[in-house]
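Enquirer: What follows is the residue order along each chain.
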Amino acid sequence: MPNRITIKPYDSYNVSTFVIQGDIVYIGHFGGSYDDEGNKLLSVEEQVMQTFRNLEKALREIDLGLDSLLKVTVILKDITDFNAMHEAWKQIFSKGYPVRTTITSNFVDDHCRVQIEGIACVN
Amino acid sequence: MPNRITIKPYDSYNVSTFVIQGDIVYIGHFGGSYDDEGNKLLSVEEQVMQTFRNLEKALREIDLGLDSLLKVTVILKDITDFNAMHEAWKQIFSKGYPVRTTITSNFVDDHCRVQIEGIACVN
Amino acid sequence: MPNRITIKPYDSYNVSTFVIQGDIVYIGHFGGSYDDEGNKLLSVEEQVMQTFRNLEKALREIDLGLDSLLKVTVILKDITDFNAMHEAWKQIFSKGYPVRTTITSNFVDDHCRVQIEGIACVN
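Chains as they are written, first to last, in my numbering: chain A, 4 to 126; chain B, 4 to 126; chain C, 4 to 126.
Just chain A, with the same shape it has in the complex (with noise of 0.2 Å):
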């Protein structure tokens, strides 16, 4: 049976945060336009940051971290914004690097600049 996994803010939306089957995890979508206090980030650096932040703070309510991170799918609102994604992308990711598909979308928050969604492993 899968461990379906629901971290706030997604108890609201009818969504889970991760689901784990065997040594698998599933995670859904992650973003980052607001920093801890609430104010809005501009730059899609900081936004990047943000998001992974936000997903490091919810692997580590089940004891992982960004190097459980298998498979990573960035979702741009932008695709300008690529090489300020992939700078602070460089930050984060030193070694241990999941692999990744950059895609382009359109987002509900008009504000919001990039989401993130993958796949983990429980080590």
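Hints should not be assumed to be uniformly reliable.
Some chain C residues well away from chain B (every beta-carbon gap over 12 Å; in silico) [to be verified]:
| no. | residue |
| --- | --- |
| 1 | R7 |
| 2 | I8 |
| 3 | I10 |
| 4 | D26 |
| 5 | V77 |
| 6 | T105 |
| 7 | D112 |
| 8 | H114 |
Quick list of in silico lysine-lysine cross-link-like pairs, DSSO-like style, CA-CA up to 27 Å [stated by the list, open to error]:
| no. | chain 1 | residue 1 | chain 2 | residue 2 |
| --- | --- | --- | --- | --- |
| 9 | C | K43 | C | K60 |
| 10 | B | K80 | C | K11 |
| 11 | A | K93 | C | K11 |
| 12 | C | K11 | C | K80 |
| 13 | B | K98 | A | K60 |
| 14 | C | K98 | B | K60 |
| 15 | B | K43 | B | K93 |
| 16 | A | K60 | A | K43 |
| 17 | B | K60 | B | K43 |
| 18 | A | K93 | A | K80 |
| 19 | B | K43 | A | K80 |
| 20 | C | K11 | A | K98 |
| 21 | B | K93 | A | K11 |
| 22 | A | K11 | A | K43 |
| 23 | C | K80 | A | K80 |
| 24 | C | K93 | B | K11 |
| 25 | A | K98 | C | K93 |
| 26 | B | K11 | C | K11 |
| 27 | A | K11 | B | K98 |
| 28 | C | K93 | C | K80 |
| 29 | B | K11 | B | K43 |
Rather than coming from a laboratory, the hints here were simulated on the basis of the structure.
Ideal Cβ positions, reconstructed from N, Cα and C, are used throughout, including at glycine.
Go by the hints and put chains B and C onto chain A.
Expert: Chains B and C only, in chain A's frame:
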């Protein structure tokens, strides 16, 4: 060896409907822009409901149900359909939620407003 | 522990080409908008063929082939390229089909018309 399963109408497309490896079921795109009688479904709510009915029907052929879903990508033509999609989602999933990511994409069929794809498990 | 494999030209991007966990191979984005001599490929058919050739070549380095693919996401710049993509797909996959989902996205390289990503298995 993976178990590759093709269910109509996917048999004419050189793709599998499901590929099962171990206890994981990989699921290709499903849509639902027409009802079972072939009538066009106009609203995104109706299309979301029909899309998951189509997936449920196909999953039943391998003795699974929507409760086997671990990870779902919802692909919308228009992000302004998000709230309507989510209303339908809440009717479909009242517990045992998969993780979800929503992205936007164009579709071959201009009438289609939503598709889904994902990963499930053999319970 | 996942086995993280980086094959050129991915070594300069802080991403893995493949990450293997158990018997599953997670695959990041592949493209093929230039041929092996560095000439631009203009048609989407040619780019699809080259993209899968590039993936096949990389998979061969871990003793796998395209028949190991379980799940493929085809990412098109322009949905009107769908039929041409599918014609190439039918040449590549005559049996043992993966599941497939096709979405649209912008790309960093304006010349690129298609990318793929997916999941394979160690046979």
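Enquirer: So, for every hint listed, does it hold in this structure?
Expert: A quick look at each hint next to the structure:
No beta-carbon of chain B is positioned within 12 Å of the beta-carbon of C/R7; the least distance is around 20 Å. The Cβ of C/I8 lies farther than 12 Å from every Cβ of chain B, with a closest approach of about 19 Å, so its non-interface assignment holds. With a cut of 12 Å on Cβ distances, C/I10 stays outside the contact zone with chain B, its closest approach being about 23 Å. Here C/D26 does not stay apart from chain B, with its beta-carbon only about 7 Å from theirs, under the 12 Å limit.
At roughly 10 Å, the least C-beta separation between C/V77 and chain B is not larger than 12 Å, which violates its mark as non-interface. For C/T105, the shortest C-beta to C-beta distance to chain B comes to about 7 Å, within the 12 Å cut-off, and the non-interface label is violated. Taking the minimum C-beta to C-beta distance to chain B, about 19 Å, the non-interface status of C/D112 holds against the 12 Å cut. Here C/H114 stays apart from chain B, with its beta-carbon at least about 20 Å from theirs, past the 12 Å limit.
For the suggested pair C/K43 and C/K60, the alpha carbons sit about 19 Å apart, so the restraint of at most 27 Å is met. Note on B/K80 and C/K11: the hinted pairing is violated, with a Cα-Cα distance of about 35 Å set against a maximum of 27 Å. For a cut-off of 27 Å, the pair hint linking A/K93 to C/K11 stands: about 17 Å separates their Cα positions. In summary, the hint linking C/K11 to C/K80 is supported, as the alpha carbons are separated by about 24 Å, within the 27 Å threshold.
Under the criterion of a C-alpha separation no larger than 27 Å, the hint pairing B/K98 with A/K60 is consistent with the structure, at around 24 Å. At most 27 Å may separate the alpha-carbon atoms for a hinted pair to count; C/K98 and B/K60 meet this at roughly 24 Å. The suggested pairing of B/K43 with B/K93 holds, with an alpha-carbon distance near 23 Å, which does not exceed 27 Å. Distance check on the hinted pair: A/K60 and A/K43 sit about 19 Å apart at the alpha-carbon level, within 27 Å; holds.
Distance check on the hinted pair: B/K60 and B/K43 sit about 19 Å apart at the alpha-carbon level, within 27 Å; holds. Of the pairs offered as hints, the one joining A/K93 and A/K80 holds, with about 20 Å between alpha carbons and a cut-off of 27 Å not exceeded. Taking the CA atoms of B/K43 and A/K80, the gap is near 31 Å; set against the 27 Å cutoff, the hint is violated. A threshold of 27 Å between alpha carbons decides the hint, and for C/K11 with A/K98 the separation of about 16 Å falls inside it, so the pair holds.
Between the alpha carbons of B/K93 and A/K11 the distance comes to roughly 18 Å, so the proposed pair stays at or under 27 Å and holds. For the hint linking A/K11 to A/K43, the alpha-carbon distance of about 19 Å falls within 27 Å, and the restraint holds. In summary, the hint linking C/K80 to A/K80 is supported, as the alpha carbons are separated by about 15 Å, within the 27 Å threshold. Using a Cα cut-off of 27 Å, the hinted pair C/K93 and B/K11 holds, with the two alpha carbons roughly 17 Å apart.
About 38 Å separates the Cα atoms of A/K98 and C/K93, which puts this hinted pair outside 27 Å; it is violated. For the suggested pair B/K11 and C/K11, the alpha carbons sit about 40 Å apart, so the restraint of at most 27 Å is broken. In summary, the hint linking A/K11 to B/K98 is supported, as the alpha carbons are separated by about 16 Å, within the 27 Å threshold. Between the alpha carbons of C/K93 and C/K80 the distance comes to roughly 20 Å, so the proposed pair stays at or under 27 Å and holds.
With a C-alpha separation of about 19 Å, the suggested pair B/K11 and B/K43 falls inside the 27 Å cut-off, and the hint holds.
Checked against the numbered hints given earlier, the structure breaks hints 4, 5, 6, 10, 19, 25 and 26 and satisfies all the rest.
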